[in-house]
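Given only the sequences and the hints, what does the whole structure look like? Please build it.
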Amino acid sequence: MTSVRPDSSHLAVVPAYNEAATVGDVVRRIHADAPEWDVVVVDDGSTDATAEIAHAAGARVLRLPFNLGIGGAVQAGFVFALEQGYDYVAQVDGDGQHDPAELDKLIAHMQANPSLDVVCGSRFIRDNGHRYPAPISRRTGIHIFAFLLSRFVRQPISDPTSGFRLYNRRAIRLFAKDYPHDYPEVEAILMLHHHRLSMEEIPVRMFARGGGVSSISSGKSAYYMIKVLLALFVGLFRRRPLPEPGGGAPVAAETGI
Amino acid sequence: MDNRIQLVAIIGAAGLLLFVLELVRRRRLLERYALLWLLSALVLLGLAAWRDGLERLANAVGIAYPPNALFFVAFAFVLILLLHFSAAVSRLADQSKVLAQRVALLEERLDEAERRAREADASTDEGAPLAREDVIEPVGARRASDR
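Sequences listed follow chains A and B, in order. The working numbering applies: residue 59 is where the first sequence begins, and numbers increase by one. The working numbering applies: residue 1268 is where the second sequence begins, and numbers increase by one.
Some hints here could point you the wrong way.
Said to hold, decoys possible - DMTMM-like cross-link-like pairs, simulated, lysine to aspartate or glutamate; straight-line CA separation at most 25 Å:
#	chain 1	residue 1	chain 2	residue 2
1	A	Lys163	A	Asp91
2	B	Lys1364	B	Glu1375
3	A	Lys235	A	Glu258
4	B	Lys1364	A	Asp236
5	A	Lys235	B	Glu1375
6	B	Lys1364	A	Asp240
7	A	Lys285	A	Asp240
8	B	Lys1364	B	Glu1379
9	A	Lys163	A	Asp106
10	A	Lys235	B	Glu1374
11	A	Lys163	A	Glu258
12	A	Lys285	A	Asp236
13	A	Lys235	B	Asp1361
14	A	Lys163	A	Asp83
15	B	Lys1364	A	Glu141
16	B	Lys1364	A	Glu258
17	A	Lys235	A	Asp145
18	B	Lys1364	B	Asp1378
19	B	Lys1364	A	Glu110
20	A	Lys235	A	Glu141
21	A	Lys285	B	Glu1374
22	B	Lys1364	B	Glu1374
23	A	Lys163	A	Asp145
Because the hints were derived from the structure by calculation, they are not lab data.
The following block contains the structure:
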């Protein structure tokens, strides 16, 4: 099995840091459930056999020489996609919590709404648009971000920490140039808003982690909260970039509560 | 002001100035980063030597004991320098991130090119060209060993 198909324009970016236990299955599941997708695994300076296992499973592998954190790893995927001329990028985490079978749903939603630049898979909305509660342990943080972001971007955001997202070429170009660092998903939504790119959430199902250790341990979550809150509020005062020529301006430019 | 503290301040500031100049001369310190150090050493030396100026500065900001004004100025420079270096480190971190990503991308491209070259070699050796799908890659092999 080879993952290189020049006729395909879909790329699944799988960031993986010491995910040897799960990354092989993730790659094989994408090949099985979403066969039109190419797979590139970004090995974020792993110390285990993540890169070898991903390569053996049929993915192309970018080996970062040292650990950059999830933001730097995913951005490497965006640069790769930009240089290889992919039309769509989706992030599928290497720990197996995203279901590759849902990729079709993301693509279908974007093709049904061509004005969208990003489609985000959310755990917390149902098909009828109603929310259901997050696990109690992580509810507080996610809901604070969701509350703040929804006001900043004036659009309901239910799952701001979801990495399961589909990006079109405009979004790929933006994030290949500039992507937030440590915990990028929350800030990325604010960036999309500032750059007048549009996004929408659709309900997806996610799995519990297949193995490995989450990058957000309980000890780090307070640091995570403070860091992302700082980034959000600083982001509000950042100079607004000019809209890209020819781009639509579906979202209001001003921000504020 | 006590003469002894003035002497200590002058010697300290002059020593700092000479040390920074020596580091620049030996190319251990880039001029870009030496400028701020030179500026702080010069200002401190000036205030240490010019007693009247230091006393006026102390009066202006309400410091009762003039040598404390000298410490105050020195502390302000230390803060500015630290912030300056935090900014420099952030920039370096950004640059090294871009380098790491480029290295990974180039390595993957080189890998892919070498694999294709090997396949091309194999197909010319055996006459019949192999389809890409038929090439079995060594499982888990690292690039250095399968060259």
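Hints and how they fare:
1. A:Lys163 <-> A:Asp91: Answer holds: A:Lys163 to A:Asp91 is near 12 Å, not above 25 Å.
2. B:Lys1364 <-> B:Glu1375: The given pair, whose Cα atoms are some 17 Å apart, holds under the 25 Å limit.
3. A:Lys235 <-> A:Glu258: 22 Å, holds
4. B:Lys1364 <-> A:Asp236: 12 Å, holds
5. A:Lys235 <-> B:Glu1375: 20 Å, holds
6. B:Lys1364 <-> A:Asp240: 12 Å, holds
7. A:Lys285 <-> A:Asp240: 9 Å, holds
8. B:Lys1364 <-> B:Glu1379: Within the cut-off at roughly 23 Å; holds.
9. A:Lys163 <-> A:Asp106: 33 Å, violated
10. A:Lys235 <-> B:Glu1374: 20 Å, holds
11. A:Lys163 <-> A:Glu258: 13 Å, holds
12. A:Lys285 <-> A:Asp236: Answer holds: A:Lys285 to A:Asp236 is near 18 Å, not above 25 Å.
13. A:Lys235 <-> B:Asp1361: Between A:Lys235 and B:Asp1361 the Cα gap is close to 12 Å, so the pair holds against 25 Å.
14. A:Lys163 <-> A:Asp83: 21 Å, holds
15. B:Lys1364 <-> A:Glu141: Holds, because 18 Å separates the two Cα atoms, which is no more than 25 Å.
16. B:Lys1364 <-> A:Glu258: Violated, at roughly 30 Å.
17. A:Lys235 <-> A:Asp145: Within the cut-off at roughly 16 Å; holds.
18. B:Lys1364 <-> B:Asp1378: Holds, at roughly 21 Å.
19. B:Lys1364 <-> A:Glu110: With Cα atoms ~23 Å apart, B:Lys1364 and A:Glu110 stay inside 25 Å; holds.
20. A:Lys235 <-> A:Glu141: 12 Å, holds
21. A:Lys285 <-> B:Glu1374: 33 Å, violated
22. B:Lys1364 <-> B:Glu1374: 15 Å, holds
23. A:Lys163 <-> A:Asp145: Holds, at roughly 16 Å.
The structure is inconsistent with the numbered hints 9, 16, 21, although it conforms to all the rest.
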